[in-house]
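Engineer: Letter by letter, the chains look like this.
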Amino acid sequence: MTCDERQAEISALLDGALPDDAAGDLFGHMSRCGACRRFHAATAAVREAVRHEETAPFPRELDRRIGTELRRVRPVQPPDGESIVDRLRRMLSTAFRMPAPAAIATLLLALLLGVLAARTVLAPQPQERHTVVVFPTVEVAASLRGTTGI
Amino acid sequence: MTSIPDIRLAFADGSSESFVRVYESTRGRLYAYALSMARERDLAADAVQEAYVRLFQNSPAIASPAVVVSWLFSTARNYLLNHHRLEKRFTPAEEDPASLADSAPEPFEAEDERAYLRRLVDALGPLHREAILLREYEGMSYDEIAKVTGVPVSTVKMRLFKARKALAERFEKRER
Chain F
180 MTCDERQAEI SALLDGALPD DAAGDLFGHM SRCGACRRFH AATAAVREAV
230 RHEETAPFPR ELDRRIGTEL RRVRPVQPPD GESIVDRLRR MLSTAFRMPA
280 PAAIATLLLA LLLGVLAART VLAPQPQERH TVVVFPTVEV AASLRGTTGI
Chain C
707 MTSIPDIRLA FADGSSESFV RVYESTRGRL YAYALSMARE RDLAADAVQE
757 AYVRLFQNSP AIASPAVVVS WLFSTARNYL LNHHRLEKRF TPAEEDPASL
807 ADSAPEPFEA EDERAYLRRL VDALGPLHRE AILLREYEGM SYDEIAKVTG
857 VPVSTVKMRL FKARKALAER FEKRER
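Line by line, the protein sequences give chains F and C.
If you're matching positions, the first sequence starts at 180 in the numbering used here and goes up one per residue.
If you're matching positions, the second sequence starts at 707 in the numbering used here and goes up one per residue.
One chain only, chain C, in its complex shape:
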């Protein structure tokens, strides 16, 4: 990999190993999450950069490696949230994913099932899409998702259930 030296160079004193390990193992996941949420490559890249720069500056304070992943996601999320607030595009109210059943995209003819499902996930509102992304793509636990999103575990469970229900209903329609 030719790009990691760019990161190592920032730690010419040799203390880079733990940071580089975290960076290598999380950057792809973090970027995919940010891109799914932001839907803009530049904004996603900005959020990812912000997360690693903050980790770089605060790494002594982040004692446990176990919390690093949720900390990174949470930091990127806050960046996106602030950006959306500034852009007045973010609606913090809980959306109703049930509307997906009516508004979801129709499947293309001979469209691959996974591609269609991906479009269904993309059609969910941001909070429910995020719950699905963090649980299914990232494999995070309820606790981790709660830490990233700053809501109680019960809210995480509810968002996941509503998102799955909307996806399952639409998926069932296609299967018929």
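This is chain F alone, in the form it adopts within the complex:
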């Protein structure tokens, strides 16, 4: 077996993928071969250093982007047996993109403002005073009859 083949075994050894008997044979070879010992030491050092390296941080705005895309690709389906309250809460939180309590508070506030506005519009307006003059037609006619002799 060549040193290149032995070093392929060293690579497998580091991954825990070398059978025990082959590993024993490999260690026997390494005790006699400086090149393979150096390869083993360097590869183990590289592996150790790489494993402890910090990775690039996940960009927070990507969460938002993915969340938006998920909502776009599949509309939310109401689960079976959902109560009206739960359904309303879900619809509100989805529609307003805010937690359900905040959405309900917003809705109530909107309703209150609507009622106030309606009362203002529909309330009776103050009317002008009209003096109704009722002519005493009958009496006038009677008096006229008396005076004119009709």
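It should be emphasised that the hints constitute simulated quantities derived from the structure, not laboratory data.
Every residue, glycine too, gets a C-beta built ideally from N, C-alpha and C.
Accuracy of the hints is not assured; some may be wrong.
To be verified - Which stretches of chain C does chain F cover? Using the computed rule of at least three CB atoms under 8 Å from a CB of chain F, they are:
id, segment
1, 733-739
2, 751-757
3, 859-870
Add chain C to chain F, keeping to what the hints say.
Structural biologist: Only chain C this time, still in chain F's reference frame:
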């Protein structure tokens, strides 16, 4: 964490837990992998988004949680691969990492060993860099790497060996 509600909101019916768990535990790793392969933040972000959107759409079909991670990596990888093909930048042929010994960057004076190693890994060709990333950074098994990359386990072993050999040779030179 303030950003996860954005993901939860997509599951207002309360079925979000399993997806959010997978998302929280894999998004950092998936992004790091995509960024290492793409070397462009926007492209890496697109690949990560594509992977989670597809998981979202296909989650009932992905029965086993054990395969979710390799499925996500594979989906992001395919996205990058298609993009590179479209851009005509991808060379599917097996590259020879031995050339790294000649072309690898020289260490800066007083450069941290890990930083130098990272630059050596970055200097590997995409297929060997990918093998190192998935094995050493992600801790994937040969089988998992084979699933992600769509090649036999024997090819995975060979890529890892060649990449390590190139890295070790360069690393040894620096140590002397």
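Engineer: Apply the coverage criterion to the segment 751-757 of chain C and chain F: a residue qualifies when its Cβ sits closer than 8 Å to a Cβ of the chain, and three qualifying residues are needed.
Structural biologist: Satisfied; 3 residues make the cut.
Engineer: Can you tell me if the segment 733-739 of chain C counts as covered by chain F, using C-beta to C-beta distances under 8 Å and a minimum of three residues?
Structural biologist: holds (count 5)
Engineer: How about the segment 859-870 of chain C: do at least three of its residues have a C-beta closer than 8 Å to a C-beta of chain F?
Structural biologist: Check passed, 5 qualifying residues.
In summary, the structure agrees with every hint in the numbered list given earlier.
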